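Asks: My request is simple: use the sequences and hints to build the entire structure.
So the sequences go chain by chain: A and B. Counting along the first sequence from 1, when you hit position 247 you're at 247 in this note's numbering, and nothing is skipped either side. Counting along the second sequence from 1, when you hit position 165 you're at 165 in this note's numbering, and nothing is skipped either side.
No wet-lab data here; the hints were simulated from the structure. Hints are not guaranteed to be accurate.
As the list claims (entries may be wrong) - Straight line, CA to CA, 25 Å or less: simulated DSS-like cross-link-like pairs of lysine-lysine:
| no. | chain 1 | residue 1 | chain 2 | residue 2 |
| --- | --- | --- | --- | --- |
| 1 | A | Lys-243 | B | Lys-38 |
| 2 | B | Lys-30 | A | Lys-243 |
| 3 | B | Lys-30 | A | Lys-47 |
Everything numeric in this text was worked out from a predicted model, so none of it was measured.
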Amino acid sequence: MDGPRILWTIPILGGITITQTTLTSWIAMIVIMAAAWFLSRNLSVDKPSKKQIVLEKIIGMLYDMVESTMGKHNLHFAPYIGALFASSIVGTLLGMTNILRSATADLSTTAAWALATTALTWYGGIRNNGFGGWLKGFTEPVAVMTPMNIVSELANPISMSFRHFGNIAGGSVLTTLIYSALAALSSFLLQWIPVKMINTIPIFQLGIPAFLSIYFDLFSGFVQALVFSMLTMVYVGGAFPPKELEN
Amino acid sequence: MPEYQSFVGLDIWTMIFAWGNLIILFLFLKKILFVPLKNIIDQRQKQIKDMYDEAQSDKDAAAAMRAEYEEKLAQASAQGEEIIRSATARAHKQEEDIIREANETAAKNLRRADEQIEMEKKKALNQIKDEVSSMAVDIASAVIEKNLSEEDNREIVDRFIGQLGEDQ
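Replies: Here you go:
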């Protein structure tokens, strides 16, 4: 099992590497943009089309979720959460094509997103308490806790990125393993058939991996996108408290 | 020969592209999808609110008009009763006035008639008295054929007549 393949290297700034991950991430972005553009055409106030009703429902669910986890004052984060969720799920599902590699099966992608979340929480903390106040927050409730606080602060992005990456990459590893196992099973069971053409067909690879893919790609991809977005909402929401609680 | 990165590893350019794509997608979605949709929903909510407000104000206006009409109706019926009552009272008063006036007129007429009768009677009596006295003078002068003086005659006759009047 290899990592993402380097497709091109642009020879500037010490060599800009364009990997499979980056390609998938671009395609995911284009797919989401196209879908958003298509869905948001001809919006109507009094006569919404079926398309618009579905869109309003989805966006409404997103806003409800953002409101319940981050509060009403943080509703402007909804587009960011939506972009993150869509990038995650589309980036994962594009791996099912077997032509592209899942963007989220690369630690670089999930780490970048997790660090963005951390950067937002730090920004929120500094904005509310000032730089000194934010640093002082690490020594609370007692000064002895400082190393633990720093570790937990660093553990958040690490655990977030590895959780998402591990689930998706692990799923694809498992799928690959199952494919080869099923191929081995096919050749083992079919070796008694004396016709050379037939006994090399990996018959068990037909159908069975599809059901596994429903779990490892569809379900897991959805759950991980949801978990990642939820954690981002919780962390960022915690760093941007309501106005009356600010110092 | 394809070149692969390690299975678990960080590549700064991949991360930079991931950040860039996320930010581009965020801005794009915000501009193309979230803001227009939110505007639409806000407009719809405003329309619905306006419709509710309008319905409420119409309802209030209708209730106010109803109250006004009911009040006017009550006023009109009270006024009608008042008019009937005052007309009745006036009619009663007029009736009384007419009757009283008629009675007064009748009484006055009766009194005048009585006075006239009395006067006529007196006049007739005086006339009769004059006629009788002159007749008596004539008769007496014819009887005694002696002419008393006019004054004596009259005196005698007046006394006579007076006695006549007292006898009556």
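Asks: All hints are to be evaluated individually against the structure, with a verdict given for each.
Replies: These are the hints, each one checked on the structure:
A distance of roughly 23 Å separates the Cα atoms of Lys-243/A and Lys-38/B; the hinted pair therefore holds under the 25 Å criterion. Under the criterion of a C-alpha separation no larger than 25 Å, the hint pairing Lys-30/B with Lys-243/A is consistent with the structure, at around 24 Å. Restraint check for Lys-30/B and Lys-47/A: the C-alpha separation of about 23 Å stays at or below 25 Å, so the hint holds.
Checked against the numbered hints above, the structure breaks none of them.
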